[in-house]
Amino acid sequence: MTLTAANGGVLLAIVIMALTTYLTRAGGVFVMSRVPIGPRVERFINAMAGSVLVAVITPMAVNGDGGARMALIATAAVMLALRKPLPAITAGILTAALWRLVAS
Amino acid sequence: MSQPDTSRLTLGHLIEGFRRMAPLSLFVIVFGLAFGVAALQQGLSGLETLLMSGLVFAGAAQFATLELWSETIPLVPLVAITLAINARHLLMGAAFYPSLRDLPAGRRYASLILLSDANWAMAMGGGSRAARLGLLVGGGLALWTTWMIGTGLGVAFGSGIGDPERLGLDAIMGCFLLAMLVGDKRDLWVLLPWGAAALAALAAMAWLPPHVHVIIGALAGGLVGLLLPSRRQEETP
Chain A
185 MTLTAANGGV
195 LLAIVIMALT
205 TYLTRAGGVF
215 VMSRVPIGPR
225 VERFINAMAG
235 SVLVAVITPM
245 AVNGDGGARM
255 ALIATAAVML
265 ALRKPLPAIT
275 AGILTAALWR
285 LVAS
Chain D
120 MSQPDTSRLT
130 LGHLIEGFRR
140 MAPLSLFVIV
150 FGLAFGVAAL
160 QQGLSGLETL
170 LMSGLVFAGA
180 AQFATLELWS
190 ETIPLVPLVA
200 ITLAINARHL
210 LMGAAFYPSL
220 RDLPAGRRYA
230 SLILLSDANW
240 AMAMGGGSRA
250 ARLGLLVGGG
260 LALWTTWMIG
270 TGLGVAFGSG
280 IGDPERLGLD
290 AIMGCFLLAM
300 LVGDKRDLWV
310 LLPWGAAALA
320 ALAAMAWLPP
330 HVHVIIGALA
340 GGLVGLLLPS
350 RRQEETP
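As you go down the protein sequences, you meet chains A and D in turn. With the first sequence counted from 1, adding 184 to any position gets you the working numbering. With the second sequence counted from 1, adding 119 to any position gets you the working numbering.
Hints should not be assumed to be uniformly reliable.
[To be verified] Okay, derived cross-link-like pairs now, SDA-like style, lysine to any residue, Cα gap no bigger than 25 Å in a straight line: (1) Lys268/A x Gly131/D; (2) Lys268/A x Ala250/D; (3) Lys268/A x Asp306/D; (4) Lys268/A x Ile134/D; (5) Lys268/A x Val149/D; (6) Lys268/A x Pro329/D; (7) Lys268/A x Phe146/D; (8) Lys268/A x Gly244/D; (9) Lys268/A x Leu310/D; (10) Lys268/A x Trp326/D; (11) Lys268/A x Gly173/D; (12) Lys268/A x Gly314/D; (13) Lys268/A x Pro142/D; (14) Lys268/A x Gly302/D; (15) Lys268/A x Ala141/D; (16) Lys268/A x Ser247/D; (17) Lys268/A x Leu321/D; (18) Lys268/A x Val301/D; (19) Lys268/A x Glu135/D; (20) Lys268/A x Leu145/D; (21) Lys268/A x Ala249/D.
Simulated from the structure, these hints should not be mistaken for laboratory data.
So here's chain A without its partners, still in its complex pose (with noise of 0.2 Å):
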């Protein structure tokens, strides 16, 4: 199934894109709401709520450059030391632009 790019075939594509964004961004709400909470799921998703920030942010460590390690190292620490998020996330830019700056 192909759309040619004319003929509005851009916009109705840009449509069906977004409606599938939308699709996800609704569907665990949708599901969850006809299934019964209880204390195992909640558990369940409890523990997958900062899963999923761990499994976005572990590639970037891995496949990073010194860079974004050190800058994900700062903010971790930062965040330990001050709990709060905004000097840890400058703390986190600036020792990454320190880093290429020093490395390169």
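Given chain A's structure and the hints, the job is docking chain D onto it.
Here is chain D on its own, set in the frame of chain A:
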């Protein structure tokens, strides 16, 4: 989650969400700009690029499918890649469901229109149901607005920022999500599911098709959480 939380979403909660997401949102302008430039180079018109950013609002999927947009657009890969990259939303939505449970269906599904990594991660740490909703929707509005501004700048002015990597800007999303993750930490037990999630994600990256590692990692972490001995949950304030 044991006592019903009947706090109602107010304009104040939305503004608070918008305000707390504003610092990160400024950086989203850079990503939007990069996308606008890349989309024009791919042959999309400025209007089409803006429409895509506005309606799809999912940067990773938009970048990943960019090469599909040419004279003919293959729909199956377009939908498959979009689903694979955005499937993490399914799990994020499921985890957020307790905050939406008591809303009427219309509001519940409208609240999810702007769900994305950053505002979801921030919203999960909110203190009350109304605060969480405000962070999700207000934060989503902040991200959407700056994503559109960025896309517009990219479409209008082309490559404005020469080398975002040298400024460390590519690291910001990872740093933000990590800060949200660490701030959310309740006890050391979470390191077990998180470790499983990291290992499973790495294994999936090595051996499975692209883009499935987030789902595999999240499910692995959830399963380990399920198997852990039941313990008393600390009540969030």
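Now for the hints, and whether the structure bears them out:
1. Lys268/A x Gly131/D: holds (22 Å)
2. Lys268/A x Ala250/D: The given pair, whose Cα atoms are some 18 Å apart, holds under the 25 Å limit.
3. Lys268/A x Asp306/D: It holds: about 18 Å lies between the C-alpha atoms, which stays within 25 Å.
4. Lys268/A x Ile134/D: holds (20 Å)
5. Lys268/A x Val149/D: Holds: lysine 268/A and valine 149/D sit about 23 Å apart, inside 25 Å.
6. Lys268/A x Pro329/D: violated (34 Å)
7. Lys268/A x Phe146/D: This hinted pair holds, its Cα atoms lying about 18 Å apart.
8. Lys268/A x Gly244/D: holds (13 Å)
9. Lys268/A x Leu310/D: holds (21 Å)
10. Lys268/A x Trp326/D: violated (37 Å)
11. Lys268/A x Gly173/D: Not satisfied, since the Cα-Cα distance of roughly 31 Å exceeds 25 Å.
12. Lys268/A x Gly314/D: Holds: lysine 268/A and glycine 314/D sit about 24 Å apart, inside 25 Å.
13. Lys268/A x Pro142/D: holds (13 Å)
14. Lys268/A x Gly302/D: Holds, at roughly 8 Å.
15. Lys268/A x Ala141/D: Between lysine 268/A and alanine 141/D the Cα gap is close to 15 Å, so the pair holds against 25 Å.
16. Lys268/A x Ser247/D: Roughly 19 Å between the alpha carbons, so the hint for lysine 268/A and serine 247/D holds.
17. Lys268/A x Leu321/D: violated (29 Å)
18. Lys268/A x Val301/D: holds (10 Å)
19. Lys268/A x Glu135/D: holds (16 Å)
20. Lys268/A x Leu145/D: holds (18 Å)
21. Lys268/A x Ala249/D: The given pair, whose Cα atoms are some 21 Å apart, holds under the 25 Å limit.
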